[in-house]
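There are 2 protein chains.
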Amino acid sequence: MFTDKLIERIVELRNHSIVGIDPHYSIIPDYIKRDLIRDNGDNIETKTEILYTFSREIIDNTYDIVPAVKPQIAFFERYGSWGLRALERVCSYAKRKGLFVIVDVKRGDIGSTCEAYSQYYLGDEEGSLSCDAITINPYLGKDSIDPFIEKCIKGEKGIFVLAKTSNKSSVDIQDKICDNKKIYEHVAELIAQLGKGYEGERGYNSIGAVVGGTFKEEGEKLRKTMKNSYFLVPGYGAQGGKAQDLTGYFNDDGLGSVINSSRGIIGAYKSEKYRADYDERSFGAAARRAAIDMRDDINRYLREAGKIAW
Amino acid sequence: MFTDKLIERIVELRNHSIVGIDPHYSIIPDYIKRDLIRDNGDNIETKTEILYTFSREIIDNTYDIVPAVKPQIAFFERYGSWGLRALERVCSYAKRKGLFVIVDVKRGDIGSTCEAYSQYYLGDEEGSLSCDAITINPYLGKDSIDPFIEKCIKGEKGIFVLAKTSNKSSVDIQDKICDNKKIYEHVAELIAQLGKGYEGERGYNSIGAVVGGTFKEEGEKLRKTMKNSYFLVPGYGAQGGKAQDLTGYFNDDGLGSVINSSRGIIGAYKSEKYRADYDERSFGAAARRAAIDMRDDINRYLREAGKIAW
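Here the protein sequences line up with chains U and V, keeping their order. The first sequence begins at 1 in this note's numbering and counts up by one. The second sequence begins at 1 in this note's numbering and counts up by one.
Hints listed in this document are in silico derivations from the structure and should not be mistaken for laboratory results. In this text, all values refer to a predicted model and were calculated from it rather than measured experimentally. The beta-carbon is built from N, C-alpha and C at its ideal position, and this holds for glycine as well. Mixed in with the good hints, there may be bad ones.
Unchecked claim - Dumping the calculated DMTMM-like pairs for lysine to aspartate or glutamate here, alpha-carbon to alpha-carbon at most 20 angstroms: (1) V:168 to U:272; (2) U:181 to V:175; (3) V:168 to U:42; (4) U:95 to U:115; (5) U:33 to V:125; (6) U:168 to V:217; (7) V:95 to V:115; (8) U:227 to U:217; (9) V:33 to V:280; (10) V:196 to V:175; (11) U:142 to V:175; (12) V:168 to U:189; (13) V:181 to U:199; (14) U:5 to U:217; (15) V:196 to V:146.
What the hints assert, rightly or not - From the structure, some residues in chain V lie toward chain U, with a derived Cβ separation under 8 angstroms: (16) 46; (17) 49; (18) 52; (19) 53; (20) 80; (21) 119; (22) 289; (23) 292.
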């Protein structure tokens, strides 16, 4: 069962944080681009080799610290079939390193169409990405989520359905109030209902939720609505989410959320906090340092709140 | 300007209908699979060659009848990087045949991430799919749509934002009522607002809406909310949408919607209506027949309603 296994690794590493692999071209050190373009020419195959090389280095420097990575597919899909090939290699590499792989795809469509997405992302046939979990967009309603549920129950996979996202415009639709509840709260109730009865050994099911780390009060409230759902929490660091505001995203057992940071980790070498100690050649070491600091930052506040899982 | 050019072709062909290329493996004639597997082996490369061969045949039989095709990416993405390569070939082939290509991707993410999607789907750099328009999911709000708008204004591209989808569960989120309006009506207002001021020669802008063809009254109401937005209407045929219920999706100028049919066209050879006259070897001819019948069916009711664009 996906969430049981994920929790086991979280406890083993004493780490609730995960690394978002969002290889925007501008975040990748110049020397990687220069060397690969010099050797292989300036073409799309080289561009995607650059994505892979960068992502692999991030994985090499963090795989023994974090339980999971979350590649953002858009930065690979940007380069179409070539980019998707790079993503497939990144996911395969991460799995070989013992990492759980949550691919951020935010797919959502009518049922028969989602079945096709489900087969690629969570299936195990030849050519499937077969990652551990993906993110899902709920705008099309329950029948757009159903095709993924079976893979969660029988296939040891997980999904994280967007409830409340971390961006400013998330209020446009998600915060509209209907029957005294915001839309994201209705989505949260749907998520809780879909997962009901599928809890594993630690009390959590594999029908999780995306809950942005930039809205403290909302996060705490949603924790109560979906007490058996695991949260994937984006928005820590570069987007403004702070560890002290995230303790409410956890249950009293010290579990319930994985906190994602993307730019804050993979672009640490460029950041104000780390750039004095690292340069572009040591971006991997900077990412490792940032990942350790993030782990400690979150654990510190959870300890203060008395929410200890180990 | 995308919508002006699309309308020009609609009027030229006297056809408001488009063909949805949803090559679910089970809809593809056995002989195509058998022949290609015999010649090339049963592997993922062959599977995607099957998708391409089938799609090309559909295009060959309909390109001079319909203004546009709408490939559903999920059925290609199902086979990952190989599948996306097949989609790239399908889109390229369709464009060479003079068809507008609207790729049904329903993407939606935070702004910086959508910029990457925008570059691949609507950009014109090496390796970009560079299709004419895509579908967009609005759950993350305005800042998730913005990155596509510039491509619509300066790049001669279009988007169709999901307002009210054709599936049954669309009610789960989209029909929730807030401030006396359903969520899809709020989305419709956002779409109208985003497109305002960008109207082309025929009075339409390129910030369009997806409005399911299975909800007659909703469609008519949304037509009024978004009078300058072009609609992409799924749900005709196999999903239950009928031409007589769609006249309200058009403005008095006889324009305003393209009606999509997928299974009803590409799987016509298997359908009750056409299977007596066609077999799997003549699936292309059956698709052509079904496309002509659909064109005439829609035009007949529009004529009766006095909504004539030519």
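Checked hints:
1. A threshold of 20 angstroms between alpha carbons decides the hint, and for residue 168 of chain V with residue 272 of chain U the separation of about 50 angstroms lies outside it, so the pair is violated.
2. Restraint check for residue 181 of chain U and residue 175 of chain V: satisfied, since their Cα atoms lie roughly 14 angstroms apart, inside the 20 angstroms limit.
3. A C-alpha spacing of about 48 angstroms is found between residue 168 of chain V and residue 42 of chain U, which places the hinted pair above 20 angstroms, so the restraint is violated.
4. Annotation: proposed proximity of residue 95 of chain U to residue 115 of chain U is violated, straight-line Cα distance about 24 angstroms (limit 20 angstroms).
5. Between residue 33 of chain U and residue 125 of chain V the CA atoms are separated by roughly 18 angstroms; this keeps the pair inside 20 angstroms, and the hint holds.
6. Annotation: proposed proximity of residue 168 of chain U to residue 217 of chain V is violated, straight-line Cα distance about 33 angstroms (limit 20 angstroms).
7. A hinted pair counts as satisfied when its Cα atoms are at most 20 angstroms apart, and residue 95 of chain V with residue 115 of chain V does not qualify at roughly 24 angstroms.
8. Only pairs whose Cα atoms come within 20 angstroms are accepted, and residue 227 of chain U paired with residue 217 of chain U is accepted, the gap being roughly 15 angstroms.
9. In summary, the hint linking residue 33 of chain V to residue 280 of chain V is supported, as the alpha carbons are separated by about 12 angstroms, within the 20 angstroms threshold.
10. About 25 angstroms separates the Cα atoms of residue 196 of chain V and residue 175 of chain V, which puts this hinted pair outside 20 angstroms; it is violated.
11. This hinted pair checks out: residue 142 of chain U and residue 175 of chain V have alpha carbons roughly 13 angstroms apart, not beyond 20 angstroms.
12. Using a Cα cut-off of 20 angstroms, the hinted pair residue 168 of chain V and residue 189 of chain U holds, with the two alpha carbons roughly 19 angstroms apart.
13. Distance restraint check for residue 181 of chain V and residue 199 of chain U: the Cα-Cα separation of roughly 37 angstroms exceeds the 20 angstroms cut-off, and the hinted pair is therefore not satisfied.
14. Taking the CA atoms of residue 5 of chain U and residue 217 of chain U, the gap is about 29 angstroms. The hint is violated against a cut of 20 angstroms.
15. Pair hint residue 196 of chain V plus residue 146 of chain V holds up; C-alpha atoms about 13 angstroms apart against a cutoff of 20 angstroms.
16. Given hint, residue 46 of chain V at the interface with chain U, is violated; its Cβ is 11 angstroms from that chain's nearest Cβ, farther than 8 angstroms.
17. For residue 49 of chain V, the shortest C-beta to C-beta distance to chain U is roughly 13 angstroms, which exceeds 8 angstroms, and the interface hint is violated.
18. Restraint check, residue 52 of chain V versus chain U: the minimum CB separation of about 12 angstroms is more than 8 angstroms; hint violated.
19. Annotation: residue 53 of chain V was flagged as interfacial toward chain U, and the flag is violated, the nearest CB pair being 17 angstroms apart, outside 8 angstroms.
20. Against a cut-off of 8 angstroms between C-beta atoms, the interface hint on residue 80 of chain V holds, since the closest Cβ of chain U lies about 5 angstroms away.
21. Against a cut-off of 8 angstroms between C-beta atoms, the interface hint on residue 119 of chain V holds, since the closest Cβ of chain U lies about 6 angstroms away.
22. With a least beta-carbon distance of about 24 angstroms to chain U, the hint placing residue 289 of chain V at the interface is violated under the 8 angstroms criterion.
23. The beta carbon of residue 292 of chain V comes no nearer than 26 angstroms to any beta carbon in chain U, farther than 8 angstroms, and the hint placing it at the interface is violated.
Comparing the model with each earlier hint shows violations of hints 1, 3, 4, 6, 7, 10, 13, 14, 16, 17, 18, 19, 22, 23; every other hint is respected.
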